[in-house]
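In this text, residue positions in the sequence shown follow the working numbering: the first is 1, and each later residue adds one.
Calculated directly from the structure, the hints in this document are not laboratory data.
One or more of the hints may lead you astray.
As the list claims (entries may be wrong) - Cut-off 30 Å, straight-line C-alpha distance, at most; resulting in silico cross-link-like pairs (DSBU-like, lysine-lysine):
no., residue 1, residue 2
1, Lys32, Lys71
2, Lys55, Lys68
3, Lys20, Lys5
Computed from a predicted structure; not experimentally measured.
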Amino acid sequence: MDLIKVEGSDPESFLRKLTKAIAGGRLGEITKFDLKEDDFCIRFSGLGESRIWFKLQREGEGFSAVKKREKIALLHLALRSEMEKNLENILIRLGAEVS
1 MDLIKVEGSD PESFLRKLTK AIAGGRLGEI TKFDLKEDDF CIRFSGLGES
51 RIWFKLQREG EGFSAVKKRE KIALLHLALR SEMEKNLENI LIRLGAEVS
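The task is simple: from the sequences and hints, build the whole structure.
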């Protein structure tokens, strides 16, 4: 997940929809999102903490988020693919393009 692209929504509104979409499930229990100006971070917590940082680029009525760096907890390595795939499916369901 190196690029997230969203049309027709600003980052703040999209993150509210995303947070609501994952609430109530296992992903919602362990995932948090931080947005400060043009920096966006996805945090996975539980038995350590993993972080994936993105650089936001606002584009017209949408935005893109390009991965800058990541720090993955040792105990998360085995579950990383599954967690990212679940999050990616929700992002796509909400209208994002993910690559």
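Checklist entry - Checking against the hints above, which ones are violated? => result none
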